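K.L.:
Starting from the given sequences, assemble the full structure and let the hints guide the process.
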Amino acid sequence: MTSFKTFLGAVSGLALTFGAVSAQAEVLFWSTQAQPVEETQKMRDEVVAGFEPGVDYQAPETGPWLTRAQAELSAGSGAVGILGGLHGDLTAVRGGLSDLGDIDISAIPADLAAFGKLETDQQKYIPWMQATFLMVANKKALDYLPEGADLNALSYDQLIEWSRAMAEGEGSPKFGFPAGPKGLKHRFFQGFLLPSYSGSTVTEFRSAEAEEAWGKFRDLWQYTNPASTNYNFMQEQLVNDEVWLTFDHIARISEAFNSRPDDFVAFPVPSGPKGRGFMTVVAGMGVPETAPDKDEAKALIEYMLKPETQIATLRATNFYPVVAVDLPEDVPASVKASGPAIEAMTSAEDALPVLLPMGMGDLNGQFNQVYVDTFEQIVLAGRDIRPTLEQQAEALRALMNQAEAPCWLPDAPSQGACPVN
Amino acid sequence: MSDTATVAPSVRKAGRWVFVSGIVLLCVWTLLPIYLLMVNALSTPEEVNGFPKSFIPSFDLSSLRFFLEFEGVLNALWNSIRVAVVTMILSIGFGAPAGYALSRFDFPGKEVFRFLVVMTRAFPLPLLALPLAVMFLRVGLDDSVLGLALVHTTLALPFAVLITYSLFSGIPFELEEAAFTLGCTRFQAFRKVVLPLAAPGIAASAVFAFVISWNEVFAAAVLTIKNRTLTAFLMQSLDWSPLHLKFAGAAALVLPALIFIFAVRKYLFAMWGIANR
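So the protein sequences, as listed, match chains A and B.
Everything in the first sequence is counted per the numbering used here, starting at 288 for the first residue and increasing by one.
Everything in the second sequence is counted per the numbering used here, starting at 12 for the first residue and increasing by one.
If you're looking for bench data, these hints aren't it; they were derived computationally from the structure.
As the structure is a prediction and not an experimental result, all values here were calculated from the model.
Don't take every hint at face value.
[What the hints assert, rightly or not] Using 30 Å as the maximum straight-line C-alpha spacing, the simulated BS3-like pairs for lysine-lysine come out as follows:
#  : chain 1 : residue 1 : chain 2 : residue 2
1  : A       : K329      : B       : K237
2  : A       : K469      : A       : K426
3  : B       : K237      : A       : K469
4  : B       : K237      : A       : K581
5  : B       : K121      : B       : K203
6  : A       : K427      : B       : K64
7  : B       : K203      : B       : K277
8  : B       : K64       : A       : K426
9  : B       : K64       : A       : K469
10 : A       : K503      : A       : K427
11 : A       : K329      : A       : K469
12 : B       : K237      : A       : K593
13 : A       : K581      : A       : K404
P.N.:
And the structure:
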């Protein structure tokens, strides 16, 4: 009897779902961003709550996000109204994104908006928010700062010296690096270390300068907490004092500032011989061809671009606005700390902006893997740098040719696939 | 004659000591992680991140309250229960007859059938999820309790078939034959003789199906949107959350399962051959 009732319950649940799908006015915002529960909650309560027809903000992991998006596109119908994700996430579904050329994006800087074209002549996605990476130090670490070093103009050599002094002074390494399975280590190599030494991410991959860069990182690794291969979000190790000095994405260090605002400082990434390489991360919003109500989805995108929504998004996710806004006084401690550091980094004389990988399409994951493999072989497995670079350069060249991806900053523009010298 | 009588008291004492310490070790093995989980879930964020750790919780409910107030948690819990119950019913409804048939009858293709049953577990779910989702979207099963329960049933069915197969095989066919001689039909013999003997085991494999459904994340995350299950709802966001929320979320996931297991523990013992009391 009970079983029969349950079955009926299931069937009526099914019927309810049918009704809900056809009659719902809410826009389903299917996003890989703001995944931590607190951020998801804030996105719902403080950011999208003001959109009149209502928004269902869902933040699944990238795997289910992509599977669901692909399933809806191949089924030819679906529930998702807006696909939100990083540049690379959206690249993976670009074939199914509709043209958003009729949305007014004049407030977004043109070079930023151009990312959203995804190498087509249509506006496939609209930039939503942006972020970058910074260094963070516990104030206790400042005692070990090498003499003459300026926090805002640190070099990689000084960083190594600093980490060495701390490791020797404290008896254990205090520098931490997000080399865990979900850590963003590949971004550090692509956007920071290699450009700072070789002025390139791809073309000079196996140059003598790149060799030097990997040598430096191997030096640094001696004074790096060996548990780093388990670190994914450096805020955790900062908050529990396991690590005093680190590098990570600004959204992944925010908790440190917000929970102990007086204990940490943020500052620009170090520089190398070719400049202070830093990478900017862009997230965007696209409308799939299968969206139940495209006009409403576009209205939501316009709502997300309003300055007040952008500020609310900053509070919720620690990602910065893509349009010009005046930040209010009462921003979270993490924004107060990271804002000046970003300013100092981007306006530094030796600033060397690096773009996210472009044009790699489905090969994005494999592209990142080249850098991760190189790191694991050289630094973790202790293999010789030169042969490892030669070997990985082959893999990288094959990928670039397969994707036919032209060079992006800081590499010099190329005709056809970006060469690996 | 008896060997035990000749064993020296000191050896018996030592054996007893090993036995007791083994039990203590096993208890610590299972209970300590749950205890630490609860302590951390009931502590303030500062205590969770601090060191040294206290073994006595401060009964700070803020982390747990966050989950109760997190939009849709109760709904997700209700969905989880519904999906798990439907999975349980479907997998026993299909699995127990299949198990009975495997143990009592010889039919062509029996071995192939047994092999195919196990084969369903050979493909990882992330691989199956895309075609499944496309199919569900087309036939309208998408985002429904029944649709997800069907997927979970495919996962649980092999276990249900194999467990009930060995269960029925353990009940002598002679008992049924005896019932036939006393005038029972095949169905009556099954209902009055075999079923009472097999019931605890069937219940145990039902519990197993329930747990499989309760723990499954990937299919749930892809196939449901409005009707998320608790695991799909919490688990994927937990990975990206601060430590104190991880503990609170883990407690929120573990508690219902613990309560359920506690409620059905006697059936579980039956599955392991301990007398049903």
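K.L.:
Hints the structure violates: just list their numbers, smallest first.
P.N.:
As far as the earlier hints go, not one is violated by this structure.
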